[in-house]
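*Asks:* Position chain B with the ligands against the provided structure of chain A, taking the given hints into account.
One letter stands for each residue in the lines below.
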Amino acid sequence: MIAETQTQPSQRYTKKDLVADHPTWCPGCGDFSILSVFFKLMEKRQVPHEKITCVAGIGCSSRFPYFVNAYGVHFLHGRALPFATGISLMRPDLHVFVFGGDGDAFSIGGNHIDHAARKNVRMTYVIMDNEVYGLTKKQTSPTSPVGFKSKTDPTGAVDHPINPMKKLIAAGATFVARTHSHLPNHVMEMMERALDHDGFSVIECLSECTEFFPGAFDSANPRKGGQFQLVPPDHDVTDEVAAYRLALAPPPGYFGVFYQVKRPTKNALEAGIIEQARQKIGSATPQELLQKTFQRFS
Amino acid sequence: MSESVSRPLTDAVIRFAGNSQDGIQAIGGFLARLAGRTDKDVMTYMTIPATISGGPSIFQVRLGTGEVLSAGDEVDILVAFYQHSYQNHIATLRTGGLLIYDSDAVQPEPNPTRYRTLGVPISSLTVEAIGGTGKDKGKNMFVLGLVARLFDLDLPKLERMLEDYYRSKGEDVVRRVLGAFHAGYAYNLGQLTEDYRFAGAIPRGDRPRVVMDGNQALAYGAIAAGIRFGAGYPITPWSTIMETLRAELPKYGGIFVQAEDELAAIAMACGASYAGYLAVTGTSGPGISLKSEAIGWAVMAEIPVVIVDVQRGGPSTGLPTNVEQSDLNLACYASHGDAPRIVIAPADVEDCFYTMIEAANLAREYSCPVIVLTDQALATRVETFEMPDFSKCVQDLSPTFEPRGPNFKPYANTPDGIAHHAPPGTPMVDGKYPVVTGLEHDESGHPASRPANHVMMVAKRRRKLQVLAGRLPKPEVYGPPEGNVLLVGWGSTRGPIREAVDRARAEGESVSAVHIRYLNPLPPGLDEIFDGFPHIFVVELNDEGLYGYGQLAAMLRARYCNDKIRGINKTDGLPFKVREILDQMRRKLSGLPVDVSAAIVEVGDEGGGG
Ligand SMILES: Cc1ncc(C[n+]2csc(CCOP(=O)(O)OP(=O)(O)O)c2C)c(N)n1
Ligand code: SF4
Ligand SMILES: [Mg+2]
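Residue numbers (my numbering), protein chains in the order written: chain A, 20 to 317; chain B, 137 to 746.
Since the hints were made in silico from the structure, they are not lab data. Fair warning: this is a prediction, and the values are worked out from it, not measured in the lab. A virtual CB, placed ideally from N, CA and C, is assigned to each residue, including glycine. There could be a bad hint or two in this list.
[As the list claims (entries may be wrong)] Among chain A residues calculated to face chain B with C-beta under 7 Å, some are: (1) T72; (2) Y85; (3) L95; (4) I106; (5) P164; (6) F167; (7) Q306.
[Unchecked claim] Listed next, the in silico BS3-like pairs over lysine-lysine satisfying Cα-Cα at most 25 Å (straight line): (8) B:K568 to A:K70; (9) B:K528 to A:K311; (10) B:K568 to B:K545; (11) A:K168 to A:K243; (12) B:K568 to A:K35; (13) A:K311 to B:K305; (14) A:K63 to B:K568; (15) B:K305 to A:K299; (16) A:K70 to B:K545; (17) B:K387 to A:K299; (18) B:K545 to B:K610; (19) B:K545 to A:K35; (20) A:K34 to B:K545; (21) A:K34 to A:K59; (22) A:K34 to B:K700; (23) A:K186 to A:K281; (24) B:K568 to A:K311; (25) B:K568 to B:K596; (26) B:K387 to A:K311; (27) B:K568 to A:K59; (28) A:K70 to A:K35; (29) B:K528 to B:K610.
Chain A on its own, in the form it takes in the complex (with noise of 0.2 Å):
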């Protein structure tokens, strides 16, 4: 009974008719960045105007549903996953994107990735890492560096920060990839891949937190003098402990996909559940089906 929506061919949509408000970002958020290559995307592949969805937790980042033109969501800090995966289970004819922070993504809802991960719920998470809590001005993060020095840690950051990639491979992600905003490019060629993705596909995004973390990605970012070094080509996708061997590198690290596999989503196999519950009762209707039931119980 999941319906389809009609699909009549709605019409071709430029990137401006996506913009909605003003980005509240500051100005060189690497955000912003991210914004404009979704855009790019969406142009580029026609995904029909009514069905954008993006959905978001709480943060700088999360603000990101405002400025789309699109059914968005802005949900609760942390709680963005499992609200998608309501839609993403219901609603097969829409490709879901949330977006978020750090903090939002490893710390007050880091049970989450672990779950949609291990089931595998088809959509994609862009995960907008600036290493610090922004919207509530600079706070340790669950990926800030040791010795950060935060309002939370005037004297630098002492907890051992979450290494992204390892967690999400670990997690039984299908769909691992990190890249940074300051190559939009390669920002847009991590998404495109994503979004082709039939699974979980999360995309660890470094995005530089002018304001309160400035600098934080130079020394991978080419313009700066660093080195934006990317997955060498001979890596293979599906070997789980080569991709963990590339998130094993020292910061800046590697970009690129570390890690993609084939395995049923969700979807797929909540589809399959009630395909074979359907296979057994026929055409009955729910109120033939109803009435069977509680004879039983007479």
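*Replies:* Just chain B with the ligands now, with coordinates in the frame of chain A:
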């Protein structure tokens, strides 16, 4: 009450006491289903130990030929499997009642005068009948046979039920089950069979009757309502609802997800609802605490979602397998900020079914969360009710995607305040698409923190429930609309409260009752009803609180400024007995302190007695 068994009976309360591995629940289950197939009503009462591994367990069933309102205060027949069963439960046997005990395992006091006894070598006769060494197995079927004989129950029907039920376990099992059952049925009960015969049945409507427990009725109610997505996390006593939905929803094209925690579950439900498929989630008290943040979001974003709370004893892990009505405040207020939502409480098993349909419709109509507040007693008790007319109650809630706009506003400040969302996939003719959000927003969904806007939006979200309150039916008074005492109740206590009214009136007291099904918002007309009585007691399974009033009593006092409202409360984790309600009522009316006992917490007394 000390009259001996009078013939013919209109109802009988039987308590089976043993250990959980004895399959005592199975005896109750078969009796219940048998009752559903004949013209008897049944209400069962079950306690299961919190430690599932074994230990004392009881099952109480009240069989009646009329409408059975409560599980029965006192036991007419106690079946004791062990010495501890006998010792722990003999006090519940009423004067003149019958103790049936396994004479292989129980030694009762010699020559009791208060009750009759019947010793049956249950263990050895069972072993004799079906052989084997597993002496714990089969005794339940022997006892079922014994009870069938005692009450002259429908033998062929019972045999068929046993065969049907055990067929899947193999012929050998069926043979042993029937062997034990027949051995019990063959036991010579002598004169006793004359004493325990039911009066002729009261004719029922034409529709067949069904027998199920509250959680089953609730799960199927959700399906009939048209709900096709659910998510939850296991917790007693909610788990059986999600288990049923997980097994059943796929047949209807739906999905139920076991989420990683309760917050994720409500998030998934909100997501599915947003996507156009009204969803259900549920839990017991501790899980509502986790869901609270998202309840606030659904209120703010005006997204419909149905949330079931099967209350158990709290706070914290509390009494996982006992009943309490102590989540009312939580249901009405859980979350942060001003977050109006709808709260409904079903009164019996049948009502669980229809309440879910109503909850689904209210959630959609008012675009907000609806909490269905049930409890452990209702979840696990088995009742018979009339087969629903599915041609009238089965709904299709599939979304539609007709184009909207121009100028579509998801949060338009209309007179009734109700939001009308469009699920993704709905084309907007002006090309402008909406965002739903937990930030305060303007009519189009844009974040807006302007003071006047927040004032307007807070009022809008409140106003829709005020509109609903005006549309709710005025509650009906059970008994005369004027009198001395009004008992007020909500949820699963409706049956015992009504029986208390019947009993008090039979004894010449002027007592009526009103049942409040809609707890937030409250229905209209309660103040007029209250005017008809000088004494108003709110009967609740929760604590009298810091100021002497239970949770609903406190709400009603705040709502109506009526100082006649007092409470009848208890916190022993068990359903109200009719006698407990009447005792507290009478003592309070006479200004006496309420007995402090294990079963009843003393209630602060306004009468000044002490
Ligand atoms: C339950 C809850 N706790 C805390 C907050 C406050 N809060 C909002 S965003 C945020 C952290 C944001 O950091 P991140 O997710 O990295 O996003 P960024 O702003 O850096 O993009 C916090 C702590 C909240 N909104 N809700
Ligand atoms: S605070 Fe940082 S993350 Fe937030 S908008 Fe400004 S630059 Fe971007
Ligand atoms: Mg951040």
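*Asks:* Of all the hints numbered above, which does this structure not satisfy? Sort the numbers upward.
*Replies:* Violated hints: 5, 6, 18, 22 and 24; rest satisfied.
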